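Residues per chain, in single letters:
2 protein chains.
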Amino acid sequence: MVNNDKEFVKEVTPRAVDFSQWYLDVVLKAELMDYAPVKGCMAIRPYGYAIWENIQRLLDGRIKATGHKNAYFPLFIPQSLLQKEAEHVEGFAPEVALVTRGGGEELAEKLVVRPTSEAIICSMYAKWVQSWRDLPLLINQWCNVVRWEKNTRPFLRTSEFLWQEGHTVHATEEEAEAETLQMLGVYKDFVEKELAIPVVAGRKTEKEKFAGALRTYTIEALMSDGRALQAGTSHNLGQHFARVFDIQFQDKDDELKYAWQTSWGVSTRLIGALIMVHGDDRGLRMPPQVAPVQVVIVPIITKKMKDEVLAKAKELAERFGGALRLELDDRDGYSPGWKFNEWEMKGVPLRLELGPRDLEHGGVTAVRRDTGEKTFVTEAELEWRLPMLLQEIQQGLFQQALQFREANTHQAGSFAQFRDLIAEKRGFVLAHWCGEAVCEEKIKEETKATIRCLPLEELNGGEGPCICCREGRGKKVYFARAY
Amino acid sequence: MVNNDKEFVKEVTPRAVDFSQWYLDVVLKAELMDYAPVKGCMAIRPYGYAIWENIQRLLDGRIKATGHKNAYFPLFIPQSLLQKEAEHVEGFAPEVALVTRGGGEELAEKLVVRPTSEAIICSMYAKWVQSWRDLPLLINQWCNVVRWEKNTRPFLRTSEFLWQEGHTVHATEEEAEAETLQMLGVYKDFVEKELAIPVVAGRKTEKEKFAGALRTYTIEALMSDGRALQAGTSHNLGQHFARVFDIQFQDKDDELKYAWQTSWGVSTRLIGALIMVHGDDRGLRMPPQVAPVQVVIVPIITKKMKDEVLAKAKELAERFGGALRLELDDRDGYSPGWKFNEWEMKGVPLRLELGPRDLEHGGVTAVRRDTGEKTFVTEAELEWRLPMLLQEIQQGLFQQALQFREANTHQAGSFAQFRDLIAEKRGFVLAHWCGEAVCEEKIKEETKATIRCLPLEELNGGEGPCICCREGRGKKVYFARAY
Chain A
0 MVNNDKEFVK EVTPRAVDFS QWYLDVVLKA ELMDYAPVKG CMAIRPYGYA
50 IWENIQRLLD GRIKATGHKN AYFPLFIPQS LLQKEAEHVE GFAPEVALVT
100 RGGGEELAEK LVVRPTSEAI ICSMYAKWVQ SWRDLPLLIN QWCNVVRWEK
150 NTRPFLRTSE FLWQEGHTVH ATEEEAEAET LQMLGVYKDF VEKELAIPVV
200 AGRKTEKEKF AGALRTYTIE ALMSDGRALQ AGTSHNLGQH FARVFDIQFQ
250 DKDDELKYAW QTSWGVSTRL IGALIMVHGD DRGLRMPPQV APVQVVIVPI
300 ITKKMKDEVL AKAKELAERF GGALRLELDD RDGYSPGWKF NEWEMKGVPL
350 RLELGPRDLE HGGVTAVRRD TGEKTFVTEA ELEWRLPMLL QEIQQGLFQQ
400 ALQFREANTH QAGSFAQFRD LIAEKRGFVL AHWCGEAVCE EKIKEETKAT
450 IRCLPLEELN GGEGPCICCR EGRGKKVYFA RAY
Chain B
0 MVNNDKEFVK EVTPRAVDFS QWYLDVVLKA ELMDYAPVKG CMAIRPYGYA
50 IWENIQRLLD GRIKATGHKN AYFPLFIPQS LLQKEAEHVE GFAPEVALVT
100 RGGGEELAEK LVVRPTSEAI ICSMYAKWVQ SWRDLPLLIN QWCNVVRWEK
150 NTRPFLRTSE FLWQEGHTVH ATEEEAEAET LQMLGVYKDF VEKELAIPVV
200 AGRKTEKEKF AGALRTYTIE ALMSDGRALQ AGTSHNLGQH FARVFDIQFQ
250 DKDDELKYAW QTSWGVSTRL IGALIMVHGD DRGLRMPPQV APVQVVIVPI
300 ITKKMKDEVL AKAKELAERF GGALRLELDD RDGYSPGWKF NEWEMKGVPL
350 RLELGPRDLE HGGVTAVRRD TGEKTFVTEA ELEWRLPMLL QEIQQGLFQQ
400 ALQFREANTH QAGSFAQFRD LIAEKRGFVL AHWCGEAVCE EKIKEETKAT
450 IRCLPLEELN GGEGPCICCR EGRGKKVYFA RAY
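Residue numbers (numbering that gives the first Met the number 0), protein chains in the order written: chain A, 0 to 482; chain B, 0 to 482.
Among the hints, erroneous ones may be present.
As the list makes no split between identical chains, a pair holds if one copy fits it or if it spans any two.
[As the list claims (entries may be wrong)] Derived DSSO-like pairs: lysine-lysine, alpha-carbon spacing no greater than 27 Å straight-line:
no. : residue 1 : residue 2
1   : Lys38     : Lys109
2   : Lys38     : Lys83
3   : Lys474    : Lys208
4   : Lys192    : Lys68
5   : Lys313    : Lys63
6   : Lys109    : Lys149
Derived from the structure by calculation, the hints contain no laboratory data.
Since the structure is predicted, the reported quantities are computational estimates derived from the model, not experimental observations.
Let the sequences and hints guide you as you build the complete structure.
Okay, structure coming up:
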């Protein structure tokens, strides 16, 4: 045997001991990524990238189904372009990477490696948008972006990351607002259905909104350590960029008008959310919809029935490998126990064990990653049982995450209670907020909790006195410590 | 009417007048790209990007079917890493873009924006490859790369471009060579079947090989102006990178050995090839396999049957829109003639015209973009005629390109003849070459023709005296002036 059966799990720090270390152990051990010799950057390994490919495929389908088309804009943005929108440059200037030399020469104008593409895209849209006939302009881009980060963390915060950014142009404010909310809805549906992660949809405060936006909407998820993670954002950019980049169109009434814009994005951060919402002390638990491997067949080889077992395992792999993402682990030199641990670490939703006894009984032992539950499934039943089990796992993971979120969403009636909840229980804390930035800031200073969002959904409790100042009144908002 | 019927074609320079201008006119007019406010970079517009998405989907399937998995490596390469392999740095150093500032500070080590990823990937492989069990390591990456170019040309030569780069590691030289040739074969099959472009497969000379490779193989296509275009390359890297990046593995015999590597890539350049091989004076002609729109329905609206014609057009669009990439052009304010011109410019393989007369006869008029041929197709026949027509167009474009290449492949027996052929007829010229770099260089200086490849296929003519020195002897090789 190459390795000890327990090696995989032993090397992973339990979540209760150190959640942060558990996260780092798992991303490495499951071969999602590896540290690269560039500060703050990572290599996404095939197993991690396969999750991203599934995310891309499923989200891209939804983006196209809502009428958007993909395009590609340059990586480099001349510094003067980024500086056009005042809030935008203020937000991003501190974290940009600058190209100052090219082709052996000092550049006349420094180039920013895109931290986001509003500036470069708006400069093109100013050419493409002339008439109301050109609207709405609905474009999306899948690409890499760079934001120079001091404290990095695989998938959650890296200097370079992968994402999609949608950029649309509309004739009216109403259309832009409808688009912003539509894409927030697309994100919510996608994250809940495919990633099995329940999210709260809401609006960001002025302080937390995107640099240059009129309004930012967000979906917020709760990680299993009780911290929140912003999983996707959708911005109504108003006419801020249209005015500085001069995106004007001749309307039906023949008047020249500034256009209304939106932008919206999700990133490889979603992989971090998948890990932290569903993972356990044995490793990842991948929702079947985005799992790189949905089913693994592990033949249990003994001397006496080796050939028969292997032959049946291969037969099953061929039979179901077309419809499912399936792997047959027939590697020599690794014990079944070692293989079980490895595939559990990688979070494969369903393991099919096939040994001499299973063969004699004409079936396989199916083991669920989410519950550990074992069931014997006859060969004849596999056809319908496999997809059904995967569906049950997908729903089971969502329900478990939803129950966790509900158990970890608290109501705070006083600031003392609020502070205790944030310090001791974490999770989401719902409390009334007057709407003043000074209260928001004070709460953050004293508790490290930020307003995650002003929920779109009407909550019980109506208006009440602000948890911080007690003077102003406002609706309940979601607070949490966040990634 | 918004525009004059002929506007589209009028604005495009005929190929015979100025091929180079025709190319620029077409890429803009068909909305494949637009110039961006960054030197040497372009924005790929949705119609152009959709071609790239089809290329990605079809090629990615082939790359995965041959056992490769996708991953993602950092955009930035520390300068010291790029400098490790001597030939490699010599080849790429002059054309790199350098990041010297990040997060508001001068960087301790400058970062190269990847011109290709051997250096960064090899630094990771050195960690991942330990034992023969880890081999072969078969990874591919879809990404953007940057090579600082002085003279740029949309899709053909831009400072930033999109590509895929495969990077594999093997235990033996034989396996690496087999992989190199396998991927060349994958490229040839892909380019011929999906892009309908015939290519010659062969080996590059020492002078033309990839900086750092042992051997470079290439597929070469002939553009309709008689110049050649390198459409894809596959490199056997030998142990060059393994030795400098220390990629060693414990072999089955327990010995520590340096690994053998390959890399291979194709880029958005293929879109340039599609344009220049198939395009005509009316615009693009897209092979159906990669056409963003395979079929366009243009209803011919007259006063008397407007509703009926539109209803039938919508019905057909819904019926066939699932299986085919189909658009219904029911825009108001544009004449049918203007629409015909626009879709011809965009190279849509098949146009279905539906007017009152077609409706009365229970069908549509199908117009092929490749031949201009019109056929009346009854509604009942559409189901099988549409895919059949698309298949015929795909094959027709390939055959036409093949005939062009055959008609423009010449044999040269003397240097005078060679020089005349290159100057007057262009195309591929086959001539004997002794294998000496000095002759290769002299031919290039005097005729601007380069050796495109030493063909893999055995050619008639065996060995003969070198076209240049007449002293040395060698086999026939492909010469051409190239992009």
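Hint by hint, here is what the structure shows:
1. In this assembly of identical chains, the alpha carbons of Lys38 and Lys109 lie at most 27 Å apart whether taken from the same copy (21 Å) or from different copies (11 Å).
2. Within a single copy, Lys38 and Lys83 get their C-alpha atoms only as close as 29 Å, which misses the 27 Å cut-off; across copies the closest is 19 Å, which meets it.
3. For the homomeric pair Lys474 and Lys208, the shortest alpha-carbon distance inside one copy (19 Å) is at most 27 Å, but the shortest distance between copies (68 Å) is not.
4. For a Cα distance limit of 27 Å, the shortest separation of Lys192 from Lys68 qualifies both inside one copy, at 23 Å, and across copies, at 26 Å.
5. Proximity of Lys313 and Lys63 under a CA criterion of 27 Å is satisfied inter-copy only: 20 Å between copies versus 38 Å inside one chain copy.
6. Within a single copy, Lys109 and Lys149 get their C-alpha atoms as close as 22 Å, and across copies as close as 17 Å, so both meet the 27 Å cut-off.
Checked against the numbered hints given earlier, the structure satisfies every one of them.
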